[in-house]
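Number of protein chains: 2
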Amino acid sequence: MKDKNLALLCDYYELTMSNGYFLSGYGDKTTYFDMFFRSIPDGGGFAVAAGLEQLAEYIEDLHFTEENIAFLRSKKLFSEEFLAYLKSFRFTGDIYAIPEGTPVFPNEPLVTVRAPAIEAQLIETYVLLELNHQSLIATKASRMVRAAMGRPILEFGSRRAHGADAAILGARAAYIGGCSGTACTIADQNYGVPASGTMAHSWVQMFDSEYDAFKTYCALYPGNATLLVDTYNTLKSGVPNAIRAFREVLVPRGVTGFNIRIDSGDIAYLSKKARAMLDEAGFKDCKIVATGSLDEYLIRDLLLQGAAVDIFGVGERLITSKSDPVFDGVYKLAAVEERGAVVPKIKISDNTAKITNPHFKKVYRLFDKSGKAFADQLCVYDEVIDGTGPITLFDPDAPWKKKVITDFTARELLVPVFKGGVKVYESPAIGDIRDYCARQTGLLWDEVKRFDNPHTYYVDLSTKLWTVKQQLLEAHK
Amino acid sequence: MKDKNLALLCDYYELTMSNGYFLSGYGDKTTYFDMFFRSIPDGGGFAVAAGLEQLAEYIEDLHFTEENIAFLRSKKLFSEEFLAYLKSFRFTGDIYAIPEGTPVFPNEPLVTVRAPAIEAQLIETYVLLELNHQSLIATKASRMVRAAMGRPILEFGSRRAHGADAAILGARAAYIGGCSGTACTIADQNYGVPASGTMAHSWVQMFDSEYDAFKTYCALYPGNATLLVDTYNTLKSGVPNAIRAFREVLVPRGVTGFNIRIDSGDIAYLSKKARAMLDEAGFKDCKIVATGSLDEYLIRDLLLQGAAVDIFGVGERLITSKSDPVFDGVYKLAAVEERGAVVPKIKISDNTAKITNPHFKKVYRLFDKSGKAFADQLCVYDEVIDGTGPITLFDPDAPWKKKVITDFTARELLVPVFKGGVKVYESPAIGDIRDYCARQTGLLWDEVKRFDNPHTYYVDLSTKLWTVKQQLLEAHK
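Sequence lines, in order, name chains A and B.
In my numbering, each number is its position in the first sequence, counted from 1, plus 128.
In my numbering, each number is its position in the second sequence, counted from 1, plus 128.
Just chain A, same shape as in the assembly:
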């Protein structure tokens, strides 16, 4: 049997390094690690943070089973003292994170971990994979939802997801990003993402005729009939048979909320023709659902062409974020404690974009008097921005470009999730996360939200943090 405990869902080097820290006296050293990302998928203007609830659950439960220990022992690489330590391992550190649904930007910590070196190291893979995955899908969903201009988007991609978790938690993340529901039933049971569905071609094929299939379905689900009209011929057979079934089965019962679904062919053309046929038949309220390899670009294009689509079902291009399937979050050491003092650490790189922001940090989001977010500022942990005094913004790559701002409000983004190993964060209900995401996205300027060449939102360093970074760069020269 497979061990379902996921403690060993970590990179092997985390274990060899941890054993090394343990044996060389660094195991208890307090460290600060940041999880942050470097680029926004699809060249977008912002990403949507997601995955925190599952990360918190993982860390709260994190422990090593007898089977895990026996497996590691079999590798003949780990000391018995370290294995004994793992046996009673629990996470004892602090974690700060940006709540799910928040629009986020490159180079700001989405998660900061303050913990003994071993603990911080052993959670690296899970922190990354959970946040990278769900943020990727929430970000993609947000793009599609914006493209649909108010029309609902349903997530239909389970069958093309990268495994079970990708299907289920992908549906969750898509909902946070603004989708209206999913086809993935278990995502409803476990996470409260509303599940719905229509019918497959096999339903239509199973019956002696398309009309029989439609009639039977309408009789079974009078309040939930979405008839798939493209099994044989959308306009010559599917739509007329659907109209007949609506008329003969649903109209006599006084039902009005029914739909048709088009899954293939030229959606723009077929939807307009189908719309005219439905209107002509008196079914102006019948909605048209379009599915079939859609993404934000195709949705935008369909609407520009005047496609008569009321609801979009999206599959593979959302659940895999097909056009850009990698969220590039990394997990980097930012500081250590030495004799109680926080000592900032930096990772240098020939590639300046890969140089890290050192130190234990805070992130403030700054809003102008109209309430719009205009910049995030990374500060040293002991700085406070309360909006009472002016603030100096400058481009960290061009520090002579300065701007003094007086009339603004500030909100701290990182909130405590663990304190001394105890979970202190209660994840909001999924619907509340989704609403929060929509509200926070609404606080961004349209220029940040456009798909093509969006404005680069400012993520600046405070003067104090910038100075620390320059000193470390100098010291490493």
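Keep in mind that the hints were calculated from the coordinates and are not lab data.
Any given hint could turn out to be false.
Claimed, not checked - Distance condition first, Cα-Cα at most 27 Å in a straight line; then the derived DSS-like pairs of lysine-lysine:
| id | chain 1 | residue 1 | chain 2 | residue 2 |
| --- | --- | --- | --- | --- |
| 1 | B | Lys203 | A | Lys343 |
| 2 | B | Lys215 | A | Lys132 |
| 3 | B | Lys415 | A | Lys204 |
Stated by the list, open to error - Okay, the calculated bits of chain A under chain B, using three or more residues with CB under 8 Å as the criterion:
| id | region |
| --- | --- |
| 4 | 245 to 253 |
| 5 | 342 to 354 |
Glycine included, C-beta positions come from ideal geometry on N, C-alpha and C.
Model the placement of chain B on the given structure of chain A, informed by the hints.
Leaving out everything else, chain B in the frame of chain A:
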């Protein structure tokens, strides 16, 4: 608590249709469904089938819990009779599948399910997601392994995977496709994929100096030292410090199997320079591991440039199949039984590529006298190709292009996995699947294996099957 039982990892329409089949008397109707794919990722010449072991385990265990039933009842859409049926649900049908590791081609069934309509319908999502995911990653791994021309490839992508299953089963699939190991520890514990690892930048940063970090690591893991040399400056600091640590810690112990890893910068340039420095120091056996956003194109390019890389570590571009993250498997009704006879069914489409191959089918792979595979032939279930008589091949889209073959051997690809609900297939050990994959890939012509414009391998229909298909197309006109 989340329900870990995955019975509801199905599209909601599978449940509404099943309830509909149940209530309208179609529930027990014996159906045949094929899982097949339409296009090979990355424009390649073949794909590698994977995921069958997990699919078989899923189906063997498939059942609905009290929680599942209660959840469905809360939807007020399903009949009590159907819910009672689900309560005692077990899969009772037959399943045939192409074994994992087999090179496969578009439009041939990787899985054929013969089962009562409801059972066949309820497993649709899982059949697709498991085979689509693992076949995607195995196929991508096979491409990267071929690009590396015999050098080992290690899978390092967990942190960028789409969730936990994507990391773990992705590592399994990558191994089947030819990778030599993974960084994902639990993939070793649960599936026997050899896990290994090096060190992170954080290890180097944790110590007072890079040299201290290297020295400590070599002393701890003399037989497994792979030193990461790019934390500060690869050629000025990393490689010299590694050489010093090897010389001072490992040479006195007589150890020789050690490596360095380069994770950033210009790998071609740095690896050649590092190679020269290592050779100069007398460490000709020290291997160079290269990592950092690699894929088959970059690997091929690096080797063309003469990069001195001995081992490649690949991450996000393998575990997400970044350049083409969708394996487009579908699940389509191929036949039903009526009064004991198999009645073929077809799905028509305006797009001729989307018209299905009807009927309960066999797949034969045909080998020429040199042992190379030259075509697959789809046949009706009761046909036999045993290589004793000549066979007529023709292009199903251009049936006048005929070819009679006499000197060949044939092998049936679909093997029984379930018979009457009982699992009759024992999955081979993972190493055997990997070896089988390498051997079977070796039976393909080089022209099918090249990356750019590969030869399109023939997947033909037998005359009998082609005739059935034409008759169904005529009947639907």
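Given coverage of the region 342 to 354 of chain A by chain B, tested with a Cβ cutoff of 8 Å and a minimum of 3 residues: Per the Cβ count (5), the hint holds.
Sort out whether Lys132/A lies within 27 Å of Lys215/B, counting only the CA atoms. Given that 27 Å is the threshold and the Cα spacing comes to 25 Å, the pair holds.
Lys415/B and Lys204/A were given as a pair; does the straight-line alpha-carbon distance stay at or below 27 Å? This hinted pair holds, its Cα atoms lying about 23 Å apart.
Between the region 245 to 253 of chain A and chain B, see if three or more residues pass the 8 Å beta-carbon test, and mark the coverage as holds or violated. holds (count 4)
Given the hinted pair Lys203/B and Lys343/A, is their Cα-Cα distance within 27 Å? With Cα atoms ~22 Å apart, Lys203/B and Lys343/A stay inside 27 Å; holds.
The structure shown violates none of the earlier numbered hints.
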